[in-house]
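Chains as they are written, first to last, in our numbering: chain A, 1 to 430; chain B, 431 to 863.
Just so you know, the hints here were simulated from the structure itself, not pulled from any lab data. Possibly wrong hints are sitting among the right ones.
Unchecked claim - Residues of chain B placed beyond 10 Å of chain A at every Cβ, according to the derived structure:
| no. | residue |
| --- | --- |
| 1 | Arg441 |
| 2 | Cys460 |
| 3 | Leu490 |
| 4 | Asp493 |
| 5 | Ala551 |
| 6 | Arg585 |
| 7 | Glu586 |
| 8 | Asn612 |
| 9 | Gly623 |
| 10 | Asp679 |
| 11 | His689 |
| 12 | Arg762 |
| 13 | Ser780 |
| 14 | Ser788 |
| 15 | Cys837 |
Stated by the list, open to error - On the chain B side, residues computed to face chain A include the following (Cβ under 7 Å):
| no. | residue |
| --- | --- |
| 16 | Arg511 |
| 17 | Thr515 |
| 18 | Leu518 |
| 19 | Ala525 |
All values reported here derive from a predicted model rather than from experimental measurement. We put the beta carbon where it would ideally sit given N, CA and C, even for glycine.
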Amino acid sequence: MQNAFEAHMASSQCMSVLVGCPSSLTQLPDGPCLIIDAESIQQEKLTSQECFFAHYPEISFDDLVIINKTVISEFDHQIIDWHTFSDKRFDGPSKLSELSEQFPNLRLIESRKIEGITLSTIFKNQKILSDPLSSFELILRQGDPLIALQSAKEWLARCTRISLRGLVTSSRSLESTEAFLGASGFCKSSVDSYVWIPELEMSSLHLSLIRCGLSALFNADIYRELYPETKEMKDVELIDHWLSRTNFREIAEEIEKNIRNSSDRDGLLALFNANIYRKLYPETKDMAEVELLDHWLSQPDFRFISKTMNDIIQRKAIQISELTDQDPALQLLQHIFPFDLYRSQRPDLSQFPNRELINHFWENGQHEGIDLSESNVQNILDDDKSSQVNLLTSRVNELEHLLSCANAQLSCMQKLIVGLRDSGVINGQD
Amino acid sequence: MDKTDQILACRFLANDYLCGRWQKIFNTVCSFKYSSLYANCSILSDFAQLLFTLSPAEILQKDWQPSSFSQRTSLTELHLRYCATHLLGACNDLACRNDLQYCYKLQLFCISLSELLKTDADFLLIGDVFSLSESCTSLGQSIRIFYLAYSRHLRESFPQRMTVVLGMHRSGTSALTGLLGNLGISGPTDALGATENNLLGYWESTSLVTSSDRFLDSQKSHWSQLYHWSSGWWKSAAALDWIDSYWDDMQNVYNTNQHFVLKDPRLCILFEGMIPCLVDSLLQVDFLLILRSPVEVAISLCKAEKISPRDAINLWIGSVFRAESMSRPYTRNTFTYHQLLNTPQTILDSLGLAWNQSFNESMLNQARSFLQPSLYRTKVDSVRESFLEKHPDLANLLALAETIFECFQYPTSEILQISESLNCQWIELLADR
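If we strip away everything but chain B, and leave its shape as in the complex, we get (with noise of 0.2 Å):
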């Protein structure tokens, strides 16, 4: 990477700092720490050691001490310090409710690491990411979300270790999580039982289904609608409040000193507001994505779910666009609907190296057992042509959400780069509409 492309990617990861997204600054880190690949991205791997080292959950250890850069005279232990105390004195005004100072503490932090970044040569062209007042309101809400997590977690309340299962509506969510249960992995104790819409069950929380459908609500939105959303909602006031019952009802329902399996299609997008709180310090977290082929998905929504077509193949876009991108820098696999029905050891097998856990034969069978190829009702073969004879107006939104579901089946190092251009193009034809 030349400096150019560095100082890009320092700028993402400056982004992605104030955005809350510490485990994929952590993942940087490891990344050059374990990989010669990166061995001449000094300025990268510099800049995400800093941000690493001023992320919330190093700042709040008790035996802080800021990384050293001895190549670099300008960020002396002394500099980071004083950074750091601003950054805890924040925190301390959060603890202590004192919201206006909190802003304030939270400001001179910003001031100070953007001075910081400009007295180095390296970093002179991303200091101003944190100058913006925006971005300070960014971080602010970020490590807002990160303290609910973090309080919880002193006070012993916050879940130890997670599977979150994404997946679009009617692609085999409620399937996958029932296996999951089947091979003991603890679930709701309010779970939605099971309609003729669902003959499995849908292994969700019947409380933070309303959970979520009263935040929806709230915001006049549907989770239909979702797509819709940008991509930070969540620093909002009131999905702060959100995500802050979220944990609490998360707590009420499930046993969280046991791995348990969490699922709503609608985390799809939703769980964006829960990403400052998953950090390896805080809670174990995994996330399972499935994906089925859109049409079939489509066929099978608009049959259950009073929606239109449209809606729903642009909301499988959104969803597997949203969910591949949160889930990306965490520990996850992605299986398909025809998969899991189909060659469910395959599934079973990628869990067990995953969890580094062995099932027993009983437990295997049990989970075997759950799931009933015959359900698989709406197959794309049968179902496409007459979709799209139905529906010619959705051939190309159709078309791209097929590539996507190529794509995305077996992800591979570029899949940044296919996600941006693939979610261009449909933004182009959102924009069309």
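Isolated chain A (complex conformation) (with noise of 0.2 Å):
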């Protein structure tokens, strides 16, 4: 039984592209065709050639477009040097000079500026191409054929045949238009030299394959959210809609990007360094750290910027203060941090806790010149063992100072009883 996927894609249809007009008719292929050429073709002329119509019996007006006084270039709008040749296989931007090495009879007849196009341009305002299941056999017969290529952006994906027939180029362009279709996915056919066809041959089993594929990856819920007019559409009308929008690639790494956003954004949050991240982009200093995760998330290489915070995380310096209490160099200083003898130091810091009696010396104390070091640990301690000594004996001093005052005391009381008692003015009762 036939599904959605297989009825559509019987349907969709495929467009010749020709950038250049061939001399006879009977050059055209079947099917609709676009005309791009220089010069001026006037589509009744063309259609009454006696043969046309014996030839294409069921061809309409409508199915044959012709661009006239046009050339493909790199950018839309773009003024290009268009020369003509005595040889018109020749016609396009390349100078004589290019040529006349390889081809010495080729003369110049004229050279005009022509208002440039590109192909993706084109390919946009093509009401057939407008279904994403609708491809194209593109026939370039004039101008630089690497230009025509390249300004078909992402629509040569949907392309099913390149021909170069008729195309009469350097051998320096030819050669880099080989390898750009080489690099796209397309290669030489194996039964006529001129003709490149995708790689991959686009069976109607493959595209189903791939549709289904598609269908498995895409996220209709993040692409409904993106385009809220889509809301009511089914997911297989929603697959179209995408690839039918020219920036399809741009709009799968939004896609990517708001699975991403959605599905960890608070694991994001957790490891997300917001302060780093506002020292790198002073002017976000005021957003919230949800705001900040959302602006790096919108910067094309958030990537990178991911490893410039993590470079600056591993060079920034842990304060001591920030140190948990798990932390070994904590609790390495814990063990070796001479607590009471920075209190003896600092007697104003006394009934400091140890963990604040560190961040106290490391922040002040050892900018105040206080020398924890080892060597001088000992010599305070020696020094501290020297003066109790001092002390304790200026102590024993002062007692045995008093001592003798008191036992000198004593003895004039005693020698003065014993006088008194013996002269007989008291008596030993008293």
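Fit chain to chain and form the complex, with the hints in mind.
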């Protein structure tokens, strides 16, 4: 039973796009044709050729589109120096000097300026190609083939066949063109060396599979969020909607970004270092962390930014006050820091807990000239012992002095009492 | 002096003893010894001698011998030694930190001394001074303060020679101290630097000023309010702690093996707490008092600090009174700000004479060039009228301050009576306010 995909595919059309009008209409392929030519070609004249309808009895005017006085350029509205030669096959932007070595008899007839357009822009305006499953065949007969192919951009994905027949160009230009085609997934046909076809044969089965794969990967919900006007559409229609857009690659990236955002936003927030990001982008200093995350992910080089942030984090020294109690560095410090000594050096900190003492030393003490090196600690302890000894010695001296005063006083008192008793002033019972 | 006057003087002297003014007692003894003026004052003379004999600095001498009072049968060696034993026992307990025993032994001393005095007809009306409970408290604190100095002296960590500059804020205390500094007298190692309010520098120790301010804070006071402090403020435990720490700080920031100069306007009142420490046997001390016209001080102080003109004048009066009274028993010189800036040579001559020291010419030149008369900007002649126009309610207070200024510039032998009279007038003004 034919499913919706297959039915849709069966109805899709293929258009032939010719850059450079052939001299004979018999050279036109079957089906709808789009002709782009540097010269002025009147459709009526073309279709009035006696053989035209004999050859294409079922074709209508609607199937033939001719774009006159137009050449293909790298970007729209580019002014191209167009050269007309004695052999029309050479007409194009190439200068005579580029061709004359290989084709010495070639003569330049005329040079003029023509406003160019990209194939991508032309395709965008073709009704037939608005169907995302439609395809086209590209026949390059005029101008620079490499520029024409490059200007097609993503549309090349829909190209089923590229013909370079009838095009004469310099061997260097041809080499570049072939290299580009190879890199774009095309290969030279085994039966016709002027024809290039996609390496992956687009059979209906393949397309069906690709479509199924796409459907499985496509996140319709996020797409509907991105394009609210599609919220009533079915999933299959959404894929068409997406693929019909020339910027479908960018949209895919946007969907990917949204998937990433929604699935692990909290996790990202936990890992995201907002302070460093604000330093990297001062204009974001007033943004909330969630906003920062969006700002970061909206940047095309968000991966590189992430790497930069990581580098900064790794380079940034962790302050002592930021160490957690579980940090081995802090545990080591707690073991070796001379807390009592530091308190003795700074009596004003005597009530500080150990952890705050470490912070204080790191932030202030060391800059105030307090030396807690092992040798200095040893010196201080030695000095302290010595001063303790001095203190105790002077204390002993003080008490000894008082004792001797008291003894002297007692001795005098005793002598006095004995003297008074002996002289009879007082008796023994007084 | 008739007998009544002598007995009154004895009671004053007894109060001096209780308040630790040992030096004043010593001076009184000396004045009797070397002057024929008091030939017929045996009651006062003997009493002064008795108190001197029983002063802690004397008692704590190993070879202490009581004075001989051959005319007084009641003051026998045995009785004197009996009293002294209690005092010595109290000092022993103080040294051993047996505070309770210290208090009891001091009470025994006071009782025994009171009893001893009552046995002599001449001293009958004096003995009661020692039997009052507050007398014992006062003496207890005086001896504690003395012992702070004495124990330091024993371990050689007490200054040997010190000059104390006393004067109201903005009176030129910094300039005078700076002058001494330029004469080679040692200053603090942590001196406050110059500011826009004091271009010559303060010459005060930062840590000592901080210590004083913390103490004032702890007493919920401020230096500008010190004139409200009663004369017995130093009898509290907090004051004892502060005095103890102040000597420690002084030891840290001054080279106490050298002659050094201590200066802080707060000391006009706060140095009262140090008086029991200031005995010749422990420390050679002299005072330099500097006076400046009260209106000049008030204007200058109100400009430099946020205090009211009334507080400024009252503080001037309080500081001058207390500094004069406190320093009376000691070697002292009184100078004026005007004199300091305009005739510094007279000050240098006085100092040379007081210290029995000659300064070399380069030092004198250095000292003279330190002073800048151009800094004398607020002058009484130009500001007095406008000050009174602005503060007419302070006219009486200012007039009193100016009288004090006039009397104290050149103190005479009648300074005690003058001071008492002026002090009474001041209290009346404070009471009327």
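Going through the hints against the structure:
Listed as outside the interface, Arg441(B) is consistent with that label: its C-beta sits roughly 28 Å from the nearest C-beta of chain A, beyond the 10 Å cut-off. Residue-level check passed: Cys460(B) sits 24 Å from the nearest beta carbon of chain A, beyond 10 Å. Not every beta carbon of chain A lies more than 10 Å from that of Leu490(B), the smallest distance being close to 6 Å; the non-interface claim is violated. A beta-carbon of chain A is positioned within 10 Å of the beta-carbon of Asp493(B); the least distance is around 7 Å.
Consistency note on Ala551(B): stated as away from chain A, and its beta-carbon is indeed over 10 Å from all of that chain's, at 21 Å minimum. Its beta-carbon lying about 3 Å from the closest one in chain A, Arg585(B) breaks the requirement of being farther than 10 Å from that chain. Not every CB of chain A lies more than 10 Å from the CB of Glu586(B), the least distance being 8 Å, so the non-interface label is violated. The beta carbon of Asn612(B) is kept farther than 10 Å from every beta carbon of chain A, the shortest such distance being approximately 30 Å.
Separation of Gly623(B) from chain A is adequate, the least Cβ-Cβ distance of about 19 Å exceeding the 10 Å criterion. Separation of Asp679(B) from chain A is adequate, the least Cβ-Cβ distance of about 12 Å exceeding the 10 Å criterion. The claim that His689(B) lies off the interface holds: its Cβ sits roughly 24 Å from the closest Cβ of chain A, which is beyond the 10 Å cut-off. Every beta carbon of chain A lies more than 10 Å from that of Arg762(B), the smallest distance being close to 32 Å; the non-interface claim holds.
The Cβ of Ser780(B) sits about 38 Å from the closest Cβ of chain A, beyond the 10 Å cut-off, so the non-interface label holds. At roughly 37 Å, the least C-beta separation between Ser788(B) and chain A is larger than 10 Å, which holds for a residue marked as non-interface. Even its closest Cβ contact with chain A, about 45 Å, leaves Cys837(B) beyond 10 Å, as expected for a residue assigned away from the interface. A cut of 7 Å between beta carbons decides the hint on Arg511(B): the least distance to chain A is about 5 Å, and the hint holds.
A cut of 7 Å between beta carbons decides the hint on Thr515(B): the least distance to chain A is about 6 Å, and the hint holds. The interface hint given for Leu518(B) is met, as the beta carbon of that residue sits about 6 Å from the closest beta carbon of chain A, less than 7 Å. Evaluation of the Ala525(B) hint against chain A yields a held restraint, the C-beta minimum of about 5 Å falling below 7 Å.
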